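Enquirer: What follows is each chain in one-letter form.
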Amino acid sequence: MNSLLLILIASVVFLVAYVTYGAYLAKKWGIDPSRKTPAHTMNDGVDYMPAKAPVLLGHHFSSIAGAGPIVGPIGAAIFGWVPVFLWILIGSVFFGGVHDMGALFSSVRHDGKSLGEVIGVTIGKNGKKLFAIFAWLTLLLVIAAFTNIVANTFVAVPEAATASVLFIAVAIVFGIFVYRQGVSLAIGSIIGVALLILSIYLGTLFPLQLGKTAWMIILLGYIFVASVTPVWILLQPRDYLNSFLLYAMLIGGFVGVIFMRPAIQLAPVTSFTVGKSTLFPMLFVTVACGAISGFHSLVGSGTTAKQVDNEKDIRLVGYGSMLIEGILATLAIITASYIGADKFKELLGQGGPVNVFSSGIGDFMTSFGLPFATGKSFVALAISAFALTSLDTATRLARFIFQEFFDVSGEGQPSPLTNRYVSTCITVVLGGGLAFKGWKAIWPLFGSANQLLAALALLALGVWLKQSGREHKMATIPMIFMFAVTLVALIQLMFANLGNILLLFFSVALFILAIVLILQAKAAFSKTASISKK
Amino acid sequence: MKEILENIRLFFVGALDMQGKAHGHIENEASDTMDQFMLLCFGDLLGIDLPTTYYALELLPYLGEDLVKWNMRMSDKKSIWEEKAGKLDIDP
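These protein sequence lines map, in sequence, to chains G and W. Under my numbering, the first residue of the first sequence is numbered 1, with each subsequent residue one higher. Under my numbering, the first residue of the second sequence is numbered 1, with each subsequent residue one higher.
No wet-lab data here; the hints were simulated from the structure. Computed from a predicted structure; not experimentally measured. Where a beta carbon is used, it is the ideal one built from N, C-alpha and C, also for glycine. The reader is advised that the hints may include incorrect statements.
Unchecked claim - If we take Cβ atoms under 8 Å as the criterion, some of the chain W residues that face chain G in the derived model are:
id : residue
1  : Pro61
2  : Tyr62
3  : Ile80
To be verified - Simulated coverage check for chain G against chain W, where a stretch passes if three residues somewhere in it have a Cβ under 8 Å from a Cβ of chain W:
id : stretch
4  : 288 to 297
5  : 468 to 479
To be verified - The list that follows gives simulated cross-link-like pairs (lysine-lysine, DSSO-like), each with its CA atoms no further than 30 Å apart:
id : chain 1 : residue 1 : chain 2 : residue 2
6  : W       : Lys2      : G       : Lys129
7  : G       : Lys212    : G       : Lys440
8  : W       : Lys87     : G       : Lys52
9  : W       : Lys2      : G       : Lys128
10 : W       : Lys77     : G       : Lys437
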């Protein structure tokens, strides 16, 4: 079977779903094109301002695209490509798409407020606290998982390690020249991109070979420094230069697949049990970001909801962007399944999912003349760069949550826990300690936490829909499935991690929080008080 | 057909958003810092007893234009970390 068929099937399924199920959701939820959105009613020219639908779609998709939809499907390919592909399709259409569109819609109807506010209104203060705790735990798991994954990548592809180190230097120099010295963005970009290409070339000449532990420590030190420095030094220039890398990689990957048309060689289904993992529930928590991800609601209700021009755009931006992310996840599963099982296991064992993905895309890009080693190094650099920026932002955000949680302003001396360096140190030490356990052990925990975050968003959506007299089953049924999957996964993980205090702590903590969340859901749905239809 | 191509172009304008990616974080931080400065100067208008408000009145001609919108933004602030989450584009 040819892999292009997978992209075609995914595209057709998503198009049909968008036209039918997306329209059904819009109709049942009462999306009203004649109603003014907060972008108009609260226009402040800064955060609240309308943006055209395709522009907003591009911006929102750009925000939600990350390394998650790549790592998850490749990690889950141990069960065979068919279950992963089916979950990407079904998950994106009935779970992730509903979640993203619903989070965006509920935020628009609550004056563009963040999801936490919607949760506060629909579920109550306990819901808000749960949201903060879930978000913090998930961010720690992001730090742990991605630090491990990037370290593995640097060990397997030392050319990318050199290029990444040089990239940091290029970013700092770019920041100084463009943001401090006033060099124009265009000239700075041309020089920046040229230096990036040079970094990739120098990486192939001087690969930096270090052990995994050394890389982990270096990366944790980098995360600490990067997250406390002002944004103009590293975060901003990296984020900007990353976008060149990412889109070059995506375009190269898709064009390469179309030119090469690789055949699928991996077994369609391997076994229900592989090693210590069972297909249910592990498939569903491993392919998190590619099917349903709680983080999307943070992004959607954060900036996107404030820029929706007309309510009719919500289907395109919320539902549509999740479906496009499904196509990205499909590309990831292709890189895992066009090679045979032996090669897949070898690449996965050597350097994790990024090694599989970079080898695949590197191979696809040889179809239009790019040498394999250069292509692989470039893709590994792109994903690592993306992961490193996610690590920086995740550490910052985890620090903000931590600081806000322990803020006791007005009651005397501020707690030392709210100090920027102390809170970052605690975050990095906890995340880092977990990182040493290995991405295979952490990723299901991260997936579970992410699904629970999504379940909380679906709960808020379901409660609001019910209280305002709207059809809510399209939100509550996926929510119940998320609870079922994550509870079973966490029980399995608790037993699997009995010998490991840190992993056991996270498994138990998430399990307890999931039970608390279910009790909140029960209480919220039992409430008889209704909010008049908004 | 023209409309479809124009929409695809606009999609890439939004996805790439080079200006936003080049300056977004800095602009957000600068805007937050300015709001905090305004809070120090005119916190009295939000009901916070600050002696600086009396002395900051002479800055009113320079800062007054944004005063109403600043008031709206400060009243809307509920959770700092959630606002940061939206602006930092956190999604792994």
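Enquirer: Now tell me if each hint is right for this structure.
Expert: Structure-based check of all given hints:
| no. | hint | result |
| --- | --- | --- |
| 1 | Pro61 | violated, 20 Å |
| 2 | Tyr62 | violated, 18 Å |
| 3 | Ile80 | holds, 6 Å |
| 4 | 288 to 297 | holds (count 4) |
| 5 | 468 to 479 | violated (count 0) |
| 6 | W:Lys2 x G:Lys129 | violated, 49 Å |
| 7 | G:Lys212 x G:Lys440 | holds, 15 Å |
| 8 | W:Lys87 x G:Lys52 | holds, 19 Å |
| 9 | W:Lys2 x G:Lys128 | violated, 46 Å |
| 10 | W:Lys77 x G:Lys437 | violated, 38 Å |
The earlier numbered hints that this structure contradicts are 1, 2, 5, 6, 9 and 10.
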